[in-house]
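Engineer: Residues per chain, in single letters:
Protein chains: 2
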Amino acid sequence: MLGLMQSQPLMISSLIEFAARHHGDAEIVSRRVEGDIHRYTYKDAAQRSRQVANALDALKLNFSDRVATLAWNGYRHLELYYGVSGSGRVLHTINPRLHPDQIAWIANHAEDQVLCFDLSFLPLIQAVHGKCTTIKHYIALCDADKLPADSGIPNLLSYESWIGAQSDDYDWPEFDENTASSMCYTSGTTGHPKAALYSHRSSTLHAYAAALPDVMGMSARDAILPVVPMFHVNAWGIPYSAALTGAKLVFPGPALDGKSVYELIEAEKVTYAAGVPTVWQMLLTHMKPGGLRFSTLRRTVIGGSACPPAMIKAFNDDYGVEVLHAWGMTEMSPLGTLCTLKNKHDSLSSDEKMTIRLKQGRAIYGVDMKIVDGAGEELSWDGKTYGDLLVKGPWVIREYYKGEGGDPLVDGWFPTGDVATIDADGYMQITDRSKDVIKSGGEWISSIDIENIAVAHPAVAMAACIGVAHPKWDERPIIAVVKKPGMEVTREELLQFYEGKTAKWQIPDDVVFVDTIPLGATGKMLKTKLREQLKNYKLPV
Amino acid sequence: MLGLMQSQPLMISSLIEFAARHHGDAEIVSRRVEGDIHRYTYKDAAQRSRQVANALDALKLNFSDRVATLAWNGYRHLELYYGVSGSGRVLHTINPRLHPDQIAWIANHAEDQVLCFDLSFLPLIQAVHGKCTTIKHYIALCDADKLPADSGIPNLLSYESWIGAQSDDYDWPEFDENTASSMCYTSGTTGHPKAALYSHRSSTLHAYAAALPDVMGMSARDAILPVVPMFHVNAWGIPYSAALTGAKLVFPGPALDGKSVYELIEAEKVTYAAGVPTVWQMLLTHMKPGGLRFSTLRRTVIGGSACPPAMIKAFNDDYGVEVLHAWGMTEMSPLGTLCTLKNKHDSLSSDEKMTIRLKQGRAIYGVDMKIVDGAGEELSWDGKTYGDLLVKGPWVIREYYKGEGGDPLVDGWFPTGDVATIDADGYMQITDRSKDVIKSGGEWISSIDIENIAVAHPAVAMAACIGVAHPKWDERPIIAVVKKPGMEVTREELLQFYEGKTAKWQIPDDVVFVDTIPLGATGKMLKTKLREQLKNYKLPV
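Those sequence lines, one after another, are chains A and B. Residue numbers for the first sequence follow the working numbering, beginning at 2 and rising by one. Residue numbers for the second sequence follow the working numbering, beginning at 2 and rising by one.
Only chain A is shown next, with the shape it has when bound in the complex:
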């Protein structure tokens, strides 16, 4: 027997219309590419999103056609979030930090019909547009009078003249909530990027979950600064959750330096900010010399990579800002865990709380997770045992766009490619990437643990631990080390340095001194390349 509740599909358009209706005058403030500050309201944003929808209709775009963006965080990008998905098309946010060839490859693979870009990316578009075979319309996110002459880009239109010609009256269509709404390509370190294809249902459920008190804790009392980019995994879903809650939105545009971010936080009375550690490091570096303080900032969520303990301490102890660790991935819309404490932790000392805060956090309802051994058997949640981390839930992918890479699921679970521990309270901590962990005699050694010890040595600038085939133990770890300029350390001294810092059997079998360790576009070490470089290396007997 079915229930007798209203059958209303979960639609992304309903988020912006809710905000326009119930939080019509709540502000959306953007620092523009031009450097000035633009401010308007949810009501304005909804009107202009409807103009975007009409403009897409006028281009004769079909249902589910892809519309790409190459843009910073700002109000026009927000209008595209709603206008594109709300009218039934698919928003394809492209990461401008990818190699131009990869951008062209992605646009062709997605079969993008339209590309909307901030003027700061004009040189990039000029370089790649000739290789983009499916894009029919190029839109520059600017006023008509800012449109560059002789750009060399065919039929280039300014966003303002494009939508300005359209009515702000539009009946958002209702359709199957499982319809694709947006897509994002992973920055895969091997092979071509693969795309997650989100739906209206997954994005709306994620929007509810992301706003929960133990997740991002978003409300109409907040002014929220998403430093996390809208060009990657929907800025952690903040553009959706903000509309769901009626929170004030503050967009930083391209100005992510410490001074710009600090001034925006203060001027717009930001209460909550979300970003990656590098941006927060620039912010703290800017604030320290002049003894600057936050007047309104209370909470920040940090994700993308593990946050250094010193940064958590600085925010917490020196500035009174609560730092929450987040973990997720493109394939998860992206949020999987948040590190908020529980009722039972109230009485812990601040050091004990810090031990928990350093973990990636506990699962949000909607996401389940488990760790498994090499045979796929579930491992215990004791905070020590580690295994491959698998997740499932309504905002986790079941496969990649166009079926690339085949069926990624294992019994309905998505393998994250991370190795992690989970403690008895459900707090997960990433210990390594699955492909980097060293499997020695049936036991696993975290390459990150081994690297962390090496870089603690005063003469070590950078260190990468990889596994090398071993006749008896299958694999044994070695450590590749870049010395600091003018500093010296010998193989024996470094191996000696490991004594007492880890179990004997986890100490690397050898140290290899190298001039550089290959890095990817996002600053991550490329261990595949390192393994190639060292392919003729032989373990000492």
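Careful: at least some of the hints might be erroneous.
Label-pair distances were calculated between CB atoms; the ranges are [said to hold, decoys possible]:
1. B/Ser348 / A/Asp172: 36 to 42 Å
2. B/Ser348 / A/Ile38: 37 to 43 Å
3. B/Arg299 / A/Asp408: 45 to 51 Å
4. A/Thr286 / B/Arg299: 32 to 38 Å
5. A/Lys314 / B/Ser348: 30 to 36 Å
6. B/Arg98 / A/Lys345: 33 to 39 Å
7. B/Phe176 / A/Ile449: 41 to 47 Å
8. B/Arg98 / A/Thr356: 46 to 52 Å
9. B/Glu267 / A/Val456: 46 to 52 Å
10. A/Asp169 / B/Ser121: 58 to 64 Å
11. B/Asp58 / A/Val456: 55 to 61 Å
12. B/Val411 / A/Lys314: 57 to 63 Å
13. A/Asp169 / B/Ser348: 30 to 36 Å
14. B/Arg98 / A/Lys314: 50 to 56 Å
Straight-line Cα separation of at most 20 Å, SDA-like style, residue types lysine to any residue; simulated pairs [what the hints assert, rightly or not]:
15. A/Lys44 / B/Leu380
16. A/Lys195 / B/Gln7
17. A/Lys393 / B/Glu18
18. A/Lys195 / B/Met2
19. A/Lys270 / A/Gly321
20. A/Lys345 / B/Glu267
21. B/Lys345 / A/Glu28
22. B/Lys44 / A/Gly427
23. B/Lys44 / A/Gly384
Computed footprint of chain B on chain A; a stretch qualifies when at least three of its residues, placed anywhere within it, have a C-beta under 8 Å from a C-beta of chain B [as the list claims (entries may be wrong)]:
24. 177 to 185
25. 200 to 209
26. 218 to 225
27. 529 to 539
If you're looking for bench data, these hints aren't it; they were derived computationally from the structure. It should be emphasised that the depicted structure is a prediction, and the values quoted were computed from it without experimental measurement. Heads up, the beta-carbon is just placed ideally off N, CA and C, and yes, glycines get one too.
Following the hints, position chain B against chain A.
Structural biologist: Relative to the frame of chain A, chain B by itself:
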């Protein structure tokens, strides 16, 4: 094109399993009917919910069969919430405050197969079981040794022996998320009660929404006391939202007196409580004489009826507890609006904030609302204009169980039967019931406004305003008044009392002194009966 996210239905069973897995040792504390305190964890609750599911299978209950409860807030009731719905049956919570004949009528109408009841309701069951034609199994929520001998109820089983025989291993089925999960009958003032039939989808979406920071703001850091009964509209969904967030749950059982509630709040470090004004009044009355304070309570949500301003002030100013007005109804699962302030209200004075706090609040994302005039035209949101309040959303009913009462929707909107204003910021305020508002010359007069003025007169104990047919104005208001014992007031004095307190045309045409005003079971004035009593009344010419 569909998205490529995992297709996982929203299932109520996943809430309790999430809590067991990720918040396994979070506490659930219950004051039992026996008076003692019972404590266990979400892990225990999940195990016993699975035993309930197995016990229902053992009774050969079919999918969607109804299982009724007549029970206070407590851990066994919680297990039924999950065991019944999770296994695909429908939980039918019965309000024990209804008339016994109505309880029997409801049980027959729902075609309940099983009835689980607290021992405090044994006399009630003894009185009605002979009239309940569909119930095959009676379960007393008690230990085997507490089972009354010679109860006269056929095949009476104790809950503990019933589930004790079952395994706590159970694979929760997955099925269409629109499947009915629970039902609740409205306490309709006219005709037979009608039932809302909730679904797994509607309950899960409501659970997300209810936990949001601007709604009930529930988190794993909270200890939550739902004083609102689990026998009516799922205790505002708290049993679901608590599991979703891992919050500690504190159940008061039948002891709702001020002393018991106060002691429980203090002993269990309750941070958040939800209830109706009468219970909070008893609590404040208990606390005042001894100068008692709250150590941990920070927030309370009050709904069910409008909260007196003095109570909001007392909680806020004297005890430092934030009071949030809530509004909803059985047909809405039940939450529609919560009264939390916005970012823009930060700088208001406390008096200005109080003016907002007295309203019923703003819509939660998922619920939309509008006010319309007699012709169904939408009215403006100016905080003054009032009209019939209509709502829609995925946790609002589309029709009643068995189609009773026909199609209630108007163009997809559910008419709440309330008359309300909505201000420019989306804050809704109930001004009257639709059937009680007086329509005079095309304008509407709120019967509640007219009553509030009358009861402000020192000689008036109770007042009811009703409309009387008028040849020119269609309807004109009159006020029926019960005088306080030993006090006097004349018709002319009372009409004089209205001068300057409301618009001239809203002043009643007449005062009728009566000995009593008929009241319903829940203390509400029965204006239908009053109108009957006064059917021969004639307006003065």
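Engineer: Between A/Lys345 and B/Glu267, is the straight-line Cα distance small enough, at 20 Å or below?
Structural biologist: Roughly 16 Å separates the two Cα atoms, so the pair holds.
Engineer: When I compare C-beta atoms, does the segment 200 to 209 of chain A have three or more residues closer than 8 Å to chain B?
Structural biologist: holds (count 6)
Engineer: Looking only at beta-carbon atoms, does the pair B/Arg98, A/Lys345 fall within the given range of 33 to 39 Å?
Structural biologist: holds, 36 Å
Engineer: Does the beta carbon distance between B/Val411 and A/Lys314 stay inside 57 to 63 Å, or does it fall outside?
Structural biologist: holds, 58 Å
Engineer: Holds or violated: A/Lys270 with A/Gly321, Cα cutoff 20 Å?
Structural biologist: holds, 15 Å
Engineer: Regarding A/Lys314 and B/Ser348, is the given constraint of 30 to 36 Å on their beta-carbon distance met?
Structural biologist: holds, 33 Å
Engineer: B/Arg299 and A/Asp408, beta-carbon distance inside 45 to 51 Å?
Structural biologist: Taking Cβ atoms as reference, B/Arg299 and A/Asp408 lie about 48 Å apart, which means the hint holds.
Engineer: How does the Cβ-Cβ distance of B/Ser348 and A/Asp172 compare with 36 to 42 Å: does it lie in that range?
Structural biologist: Cβ of B/Ser348 to Cβ of A/Asp172: about 38 Å, so the range 36 to 42 Å holds.
Engineer: Honestly, do B/Arg98 and A/Thr356 meet the 46 to 52 Å range at C-beta?
Structural biologist: About 50 Å separates the Cβ atoms of B/Arg98 and A/Thr356, which means 46 to 52 Å holds.
Engineer: Compare the distance between the alpha carbons of A/Lys393 and B/Glu18 with 20 Å, and conclude whether the hinted pair is satisfied.
Structural biologist: holds, 14 Å
Engineer: Mind checking the alpha carbons of A/Lys44 and B/Leu380 for me, to see if they're no more than 20 Å apart?
Structural biologist: Holds, at about 18 Å.
Engineer: Sort out whether B/Gln7 lies within 20 Å of A/Lys195, counting only the CA atoms.
Structural biologist: OK: A/Lys195 and B/Gln7 at ~17 Å, within 20 Å.
Checked against the numbered hints above, the structure violates hints 2, 27; every other hint is satisfied.
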